[in-house]
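Chemist: So the sequence lines, in the order shown, correspond to chains A and B. For the record, in the first sequence the residue sitting at position 168 is 183 according to my numbering, with numbers rising by one throughout. For the record, in the second sequence the residue sitting at position 357 is 388 according to my numbering, with numbers rising by one throughout.
To be clear, the hints were calculated from the coordinates, so they are not data collected in a lab. Errors might be hidden in some of the hints.
[To be verified] Once the Cα atoms are required to be at most 27 Å apart in a straight line, the calculated BS3-like pairs of lysine-lysine come out as:
| hint | chain 1 | residue 1 | chain 2 | residue 2 |
| --- | --- | --- | --- | --- |
| 1 | B | Lys-78 | A | Lys-161 |
| 2 | B | Lys-189 | A | Lys-25 |
| 3 | B | Lys-75 | A | Lys-239 |
| 4 | A | Lys-25 | B | Lys-78 |
| 5 | A | Lys-117 | A | Lys-182 |
| 6 | A | Lys-161 | B | Lys-371 |
| 7 | A | Lys-65 | B | Lys-221 |
| 8 | B | Lys-193 | A | Lys-25 |
| 9 | A | Lys-182 | B | Lys-37 |
| 10 | A | Lys-117 | B | Lys-37 |
| 11 | B | Lys-256 | B | Lys-221 |
| 12 | B | Lys-371 | A | Lys-239 |
| 13 | B | Lys-37 | A | Lys-205 |
| 14 | B | Lys-75 | A | Lys-161 |
| 15 | B | Lys-148 | B | Lys-37 |
| 16 | A | Lys-239 | B | Lys-78 |
| 17 | A | Lys-25 | B | Lys-315 |
| 18 | B | Lys-371 | A | Lys-64 |
| 19 | A | Lys-186 | B | Lys-303 |
| 20 | B | Lys-303 | A | Lys-25 |
[As the list claims (entries may be wrong)] Restraint ranges, calculated between C-beta atoms of paired labels, are given here:
| hint | chain 1 | residue 1 | chain 2 | residue 2 | range |
| --- | --- | --- | --- | --- | --- |
| 21 | B | Lys-193 | A | Leu-277 | 19 to 25 Å |
| 22 | B | Lys-193 | A | Glu-132 | 32 to 38 Å |
| 23 | B | Lys-256 | A | Phe-123 | 51 to 57 Å |
| 24 | A | Gln-282 | B | Phe-243 | 35 to 41 Å |
| 25 | A | Pro-213 | B | Glu-116 | 37 to 43 Å |
| 26 | A | Leu-212 | B | Leu-226 | 43 to 49 Å |
| 27 | B | Leu-137 | A | Phe-43 | 48 to 54 Å |
| 28 | A | Lys-182 | B | Leu-133 | 46 to 52 Å |
| 29 | A | Ser-77 | B | Lys-78 | 42 to 48 Å |
| 30 | A | Leu-26 | B | Ala-147 | 32 to 38 Å |
| 31 | B | Gly-83 | A | Pro-213 | 49 to 55 Å |
| 32 | B | Gln-393 | A | Lys-182 | 20 to 26 Å |
| 33 | A | Met-194 | B | Lys-118 | 26 to 32 Å |
| 34 | B | Lys-75 | A | Leu-26 | 57 to 63 Å |
Remember, predicted model here, so these are calculated numbers, not experimental data. The C-beta atom is built at its ideal place from N, Cα and C for all residues, glycine as well.
Read off the chains here:
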Amino acid sequence: MTRIFNTETKLPYIILFLVTVFSIYPFFYMISTSFMTVGEATNQYLFPKKLIFENYFDVWISNNFQRYTLNSLIIASIVVSGILFTSIPAAYSFARIDFPFKNIIFYFLLISLMIPEIIMLLPHLLIIRGEIIPLPFGPSWMNSLKGLTIPFMGNIFVIFLLRQYFKKIPKELWDAARMDGATHFYFLYKVVIPLSLPIIVTVSLFSFILAWNAFAWPLMILTKDDWFPVTVSIYGFIREVGPNFNLLMAACVISILPILVLYFFTQRLFLESISNFGLKE
Amino acid sequence: MNFFRKYSNQITGYIFITPAVLLISLFGIFPVFFGFYMSFHKWKVFKGRFLGFENYQRILGDISSFWIFVSGLLLLIFSYWIWSEYKDKIKNKIPLSIFSLLILFLGLFLINSSWAKMVSLGDDDFLYSIIYTFYYSFLTITSEVGFGLIIAFALYQKLKGKQFFQNILLLPYITPAVMGAAVFFIIFGKAENSLLNELIGLFGFDPQLWLFDKRPITEVLFGIKINGFLAGPSLALTSAIIYGIWSYTGYYAIILLAGLSIIPTDLYEAAKAEGASRWQTFIKITIPLLMPIIFFLLLTGFINTFQAFNHIYVMQTSSAGDTMDVVTVEIFDHFWDRVKFGYAAAEGVVLFILLNVLAISQFIFFRKRLNYD
Numbered sequence: 016m017t018r019i020f021n022t023e024t025k026l027p028y029i030i031l032f033l034v035t036v037f038s039i040y041p042f043f044y045m046i047s048t049s050f051m052t053v054g055e056a057t058n059q060y061l062f063p064k065k066l067i068f069e070n071y072f073d074v075w076i077s078n079n080f081q082r083y084t085l086n087s088l089i090i091a092s093i094v095v096s097g098i099l100f101t102s103i104p105a106a107y108s109f110a111r112i113d114f115p116f117k118n119i120i121f122y123f124l125l126i127s128l129m130i131p132e133i134i135m136l137l138p139h140l141l142i143i144r145g146e147i148i149p150l151p152f153g154p155s156w157m158n159s160l161k162g163l164t165i166p167f168m169g170n171i172f173v174i175f176l177l178r179q180y181f182k183k184i185p186k187e188l189w190d191a192a193r194m195d196g197a198t199h200f201y202f203l204y205k206v207v208i209p210l211s212l213p214i215i216v217t218v219s220l221f222s223f224i225l226a227w228n229a230f231a232w233p234l235m236i237l238t239k240d241d242w243f244p245v246t247v248s249i250y251g252f253i254r255e256v257g258p259n260f261n262l263l264m265a266a267c268v269i270s271i272l273p274i275l276v277l278y279f280f281t282q283r284l285f286l287e288s289i290s291n292f293g294l295k296e
Numbered sequence: 032m033n034f035f036r037k038y039s040n041q042i043t044g045y046i047f048i049t050p051a052v053l054l055i056s057l058f059g060i061f062p063v064f065f066g067f068y069m070s071f072h073k074w075k076v077f078k079g080r081f082l083g084f085e086n087y088q089r090i091l092g093d094i095s096s097f098w099i100f101v102s103g104l105l106l107l108i109f110s111y112w113i114w115s116e117y118k119d120k121i122k123n124k125i126p127l128s129i130f131s132l133l134i135l136f137l138g139l140f141l142i143n144s145s146w147a148k149m150v151s152l153g154d155d156d157f158l159y160s161i162i163y164t165f166y167y168s169f170l171t172i173t174s175e176v177g178f179g180l181i182i183a184f185a186l187y188q189k190l191k192g193k194q195f196f197q198n199i200l201l202l203p204y205i206t207p208a209v210m211g212a213a214v215f216f217i218i219f220g221k222a223e224n225s226l227l228n229e230l231i232g233l234f235g236f237d238p239q240l241w242l243f244d245k246r247p248i249t250e251v252l253f254g255i256k257i258n259g260f261l262a263g264p265s266l267a268l269t270s271a272i273i274y275g276i277w278s279y280t281g282y283y284a285i286i287l288l289a290g291l292s293i294i295p296t297d298l299y300e301a302a303k304a305e306g307a308s309r310w311q312t313f314i315k316i317t318i319p320l321l322m323p324i325i326f327f328l329l330l331t332g333f334i335n336t337f338q339a340f341n342h343i344y345v346m347q348t349s350s351a352g353d354t355m356d357v358v359t360v361e362i363f364d365h366f367w368d369r370v371k372f373g374y375a376a377a378e379g380v381v382l383f384i385l386l387n388v389l390a391i392s393q394f395i396f397f398r399k400r401l402n403y404d
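Whole structure, please, built from the sequences with the hints as guidance.
Modeler: This is the structure in structure tokens:
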């Protein structure tokens, strides 16, 4: 112990200890309260006297969070698959194929990074209602999975990150593949994607979390709770539960859990990618 | 057939980018132009008559004042640019510094006078929301980067369990904002016996109403009543700021730690050999070398926090009045609750212009790439 806590490192440890407490306390509060009775929750006790699991059953079944969690999982998975489906070929094309106006198109798409999300919401709403252009698959996408997912399936930042990675793959590989008569599609599918799995997993993770976080957009286009994601449900729940904080916190634990599980298995990847992209962005 | 064979590369290239280009153009770029178009119309759910600049007139009071305001902001950037561009090329720095200071003051004067005119004629709710957003962004980002720096420096020492601390630090960052805000909504609630109120009670403070309190922070802390800009954010908005700090400080700490590890270690060894204390090395070596990164994070972070929406919207309470209505919340309220589409679109355009001024400054400050040689 004396070796750990010498005078050199005492202060850093104290700082990190305080930060840890500050970072974790809300999680501790959330989990602890979720097991309390209403009385304990209102009096803001630190620990419950007895663990009450019924809160979770209540929220999961009576308040229909089984449905909302499933909705969020479906929405986020579709958004991630959509992003990968559009971004991987596009990034490959921008990185490795020569065609006219390539750079102009790429820079044109980069403009979308500079536009605040709040400005997009309103025109998006009109597009989704089918008022600006006629939409495929039905006159309006309000209250539907299409409306929740399709607008977020193109993401230039993901294309940008993938492009950087694809550029590093040696040209000799493509030359060799072309000798054997491979097409771009075959080469992308058999060589580039397997070689780029780390970056593909990383962008999938970040897209998944982004999709899980989506709030303003589903709040606007959903008028029925059929497709409510957890974020919108929690927002409604805050006003609805009144003093039943224990139920609200149980709902929060349920809604955060998938993200925490995901984070638990991918911590290292997260840390590396934030250290790497953070400075370049 | 020959045609296809000859151009097969190009055709594949275009086919590969088509889905992404279509989606991004429709949902990423077209909305801006359409927002402009909407802002010139009376538009409540359905398109009404053409208004020209009337929406802008009502928001800003006086459109020319707004452009004076923007040029004031640009002058601030310009004064920095002149200083940074010529300070190493000119021997006698006094005239240069006087000149850039003069431009700085001219910019501040223009901002101040045009702002006063806009407030007296325009939509107060919107203009105040810009001030609230400024409070929010400025206080959040400076604290995040400041604390992040201290934490990064602590993590930079040779410690055990470094990985563990880093993983804990990122937990708030990955927490979805709506759920995090729900927890903070209770922690910063008005209950007198809440842990937070008991904690500040230990330091001799009275229990506070936190998110339900619209008094400015200076009044809460010092009991003095100030009007205007210097009064600071309300206690409610301050609670939202604390949420912002909670969620992003770890993220900045990780990035700054990556920045710290780029600094060559022989610099530290040299300083140690000279007998410099750890505090001195931190102030004299670490901070100056990190300055470009710190500045970059402050600026990009400022632009990002200017658009914060989710947690502030969730944490709103009616007793806090409009003191938590940052720009994004104000715009959202206008088109969502009050169904004034054209007006909200015009507000969005104003926000877009202000953010682009910030982006221009980012471009000017970071033309030269960060390097350490």
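Chemist: Quick one: which hint numbers does this structure break? Sort them smallest to largest.
Modeler: 4, 15, 18, 19, 30, 33
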